[in-house]
Amino acid sequence: MSTETKPGRREFIRAAAVAALGGGVWMAASPSAEKWVWQIDPHKCTQCGRCATHCVLNPSAVKCVHATKICGYCDLCSGYLQPAAPALDTGAENELCPTAAITRRFVEEPYFAYSIDEDLCIGCGKCVKGCGQFGNGSLYLQIKRDLCAHCNECAIARDCPSNAIERIPLSRAYVLKYDENAGEGA
Amino acid sequence: MAMGKRAIVYRRVVLFLLLWSALLTGTANAEFRFPMPEFSTGYEHEDMHLPPDALTPPWLDIALLTGVLALTAWAVLRRRSRNWVLALSFFALAYFGFYRQGCVCSVGSLQNVLNAYIGTGHVLTFLVAAFFLLPLVAALYFGRVFCAAACPLGAAQEIFAVHPVQVPKPVDAALGMLAYLYLGITVMGVAVGAGFLICRYDPFVGFFRLGGSFNMLLAGGIILGAGIFIARPYCRYLCPYGVLLRWIAIFARRHATITPDECVQCRLCENACPYNAIIPPEPADAEPRRAGALRLGKLLLVAPIAILFAAGIGWSAHPTLSRMHPTVRLAERIAAEEAGVYDEMTTESEAFREGDEPATVLYAEAHALNERFKVAGAALGAFMGIALCARLFRLSVLRHARDYTIDKGACLSCARCFKYCPVEPPEK
Numbered sequence: 001m002s003t004e005t006k007p008g009r010r011e012f013i014r015a016a017a018v019a020a021l022g023g024g025v026w027m028a029a030s031p032s033a034e035k036w037v038w039q040i041d042p043h044k045c046t047q048c049g050r051c052a053t054h055c056v057l058n059p060s061a062v063k064c065v066h067a068t069k070i071c072g073y074c075d076l077c078s079g080y081l082q083p084a085a086p087a088l089d090t091g092a093e094n095e096l097c098p099t100a101a102i103t104r105r106f107v108e109e110p111y112f113a114y115s116i117d118e119d120l121c122i123g124c125g126k127c128v129k130g131c132g133q134f135g136n137g138s139l140y141l142q143i144k145r146d147l148c149a150h151c152n153e154c155a156i157a158r159d160c161p162s163n164a165i166e167r168i169p170l171s172r173a174y175v176l177k178y179d180e181n182a183g184e185g186a
Numbered sequence: 001m002a003m004g005k006r007a008i009v010y011r012r013v014v015l016f017l018l019l020w021s022a023l024l025t026g027t028a029n030a031e032f033r034f035p036m037p038e039f040s041t042g043y044e045h046e047d048m049h050l051p052p053d054a055l056t057p058p059w060l061d062i063a064l065l066t067g068v069l070a071l072t073a074w075a076v077l078r079r080r081s082r083n084w085v086l087a088l089s090f091f092a093l094a095y096f097g098f099y100r101q102g103c104v105c106s107v108g109s110l111q112n113v114l115n116a117y118i119g120t121g122h123v124l125t126f127l128v129a130a131f132f133l134l135p136l137v138a139a140l141y142f143g144r145v146f147c148a149a150a151c152p153l154g155a156a157q158e159i160f161a162v163h164p165v166q167v168p169k170p171v172d173a174a175l176g177m178l179a180y181l182y183l184g185i186t187v188m189g190v191a192v193g194a195g196f197l198i199c200r201y202d203p204f205v206g207f208f209r210l211g212g213s214f215n216m217l218l219a220g221g222i223i224l225g226a227g228i229f230i231a232r233p234y235c236r237y238l239c240p241y242g243v244l245l246r247w248i249a250i251f252a253r254r255h256a257t258i259t260p261d262e263c264v265q266c267r268l269c270e271n272a273c274p275y276n277a278i279i280p281p282e283p284a285d286a287e288p289r290r291a292g293a294l295r296l297g298k299l300l301l302v303a304p305i306a307i308l309f310a311a312g313i314g315w316s317a318h319p320t321l322s323r324m325h326p327t328v329r330l331a332e333r334i335a336a337e338e339a340g341v342y343d344e345m346t347t348e349s350e351a352f353r354e355g356d357e358p359a360t361v362l363y364a365e366a367h368a369l370n371e372r373f374k375v376a377g378a379a380l381g382a383f384m385g386i387a388l389c390a391r392l393f394r395l396s397v398l399r400h401a402r403d404y405t406i407d408k409g410a411c412l413s414c415a416r417c418f419k420y421c422p423v424e425p426p427e428k
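Note that the protein sequences, when read in sequence, are chains A and B. Going by this note's numbering, the first sequence opens with residue 1, and the numbers climb by one from there. Going by this note's numbering, the second sequence opens with residue 1, and the numbers climb by one from there.
Everything labelled a hint here was simulated from the structure, so no lab data went into it. Glycine included, every Cβ here is placed at the ideal spot set by N, Cα and C. Among these hints, one or two may not hold up.
To be verified - One-sided and incomplete, this derived list gives chain A residues near chain B with beta-carbon spacing under 8 Å:
1. C48
2. L57
3. T68
4. K69
5. Y111
6. E153
7. R158
8. L170
Please model the entire structure based on the sequences and the hints provided.
Written out as structure tokens, the structure is:
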């Protein structure tokens, strides 16, 4: 072809372009080759409820996590019971959770243990709000990395009113409210 | 037992007192209202259940993308087989689309790379950098083989393009400018920190994840439906990454050719391409030289004025453009609420009022952003002006060609035209 008159020079320019492009982008890349994951900062979260509705997955990849180490094991749990519950028992009309994802188990007088059934939890944060208002704040929302689709732009992060969702390296996930090794608020 | 009963009563009283005090003061000081109990029955705390990192290893994605690109180049250049290209498309759709749920993708990686240079926030990982680079390097050597089979968005549309019609050239050229606008707005969005627009308005990701917002699925449905007749509308008229690939593929070292040997000008391939990527022969005496030169002269004269005009439009559009940014939207909302326009708060304004940041800081931030949007808007306008003039320039220059040739920039290496050519490959 007539356009390929000087293959040597063309090849050199092409190779130089690849080197410049590749070098430029590679230099900007993070030296840590690890993956980044989306996580909620529980201290910034305002439990607006959008985690349940704005995730691209249905049900949401956001689930309630229970830091049992800082739970008060209250029998009158404000994360479990409706504020104006007709009776203080396990009846559906008394429970705060819309999907009955919190199970309540008697431990000893007067303590009850609470655990989250992740398959039922939709990440609405109603229990988190209740626990944070009147309890120890041991319930909080977190993005489960095994469920998360790892979108390039997290749809919840975009619409989070308190900017509580950030991308952190895999080695630093989970963002826990209570960490055994690091202590509270790590 | 009696001790236990008393403890219950005691705890209930404490709880109600705290409940009331919390209600009255409205404070959010929630850390450890209740001491963690010491269990006499030896009950142990449940351990927190942390899931494993169910992430695909980055090297697998990079290896598969490299493999698909290499195989596509081989299928298009050596094998000249559309079936191979289609088979690779199905693989890309299944793996990068449905299995990886549309992330990581080269189209979106453009934003991450831009963000590393001109934006703030997320860090560019090697995986994303590789997904940005590999298709561009492939385009520099073999043309847009990424579009042909490695892109899940392209593959989804290619499968739907069952009855493609030829879009009239002027309409095609005009609609093609939309992709430049999309690219420009994306760059602007990243530069001012307004988020990743390509990801937000990705029309197919809802299908890949088998669920999405109604608008997302509707947009995807419209594009796929239109794609039955107008082949690959997203790739041709919207894809911002496609613009980069188009620029680079023009300089491709070995690009696909319609004919494996000498063109015999049988005109059989004339209607083969649904992407308007086949340039028909242009006789040397199509128009007098003087007429062409005059038209070009006029265009060069008008170009600077047009670019300045477009920059001016971009500048004056900054109040609209700046609403792209959530901080600006929040500031406008807060200001309107303060002025008594709305009776109710939105979730955003409610969350803002719960925080400690004063409104004046927010207003200052929004004001600074507005100033940035003026510059960014002018740059966007100028970019569009330049792109438009370059497109007109290219359309007004007639290339004297004897054979049917491929427009390397527009060609998606779909391999449709190969079977229209009656010429046998030369004997080796």
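Tell me the numbers of any earlier hints that the structure contravenes, in ascending order.
Checked against the structure, no hint fails, so every one of them is satisfied.
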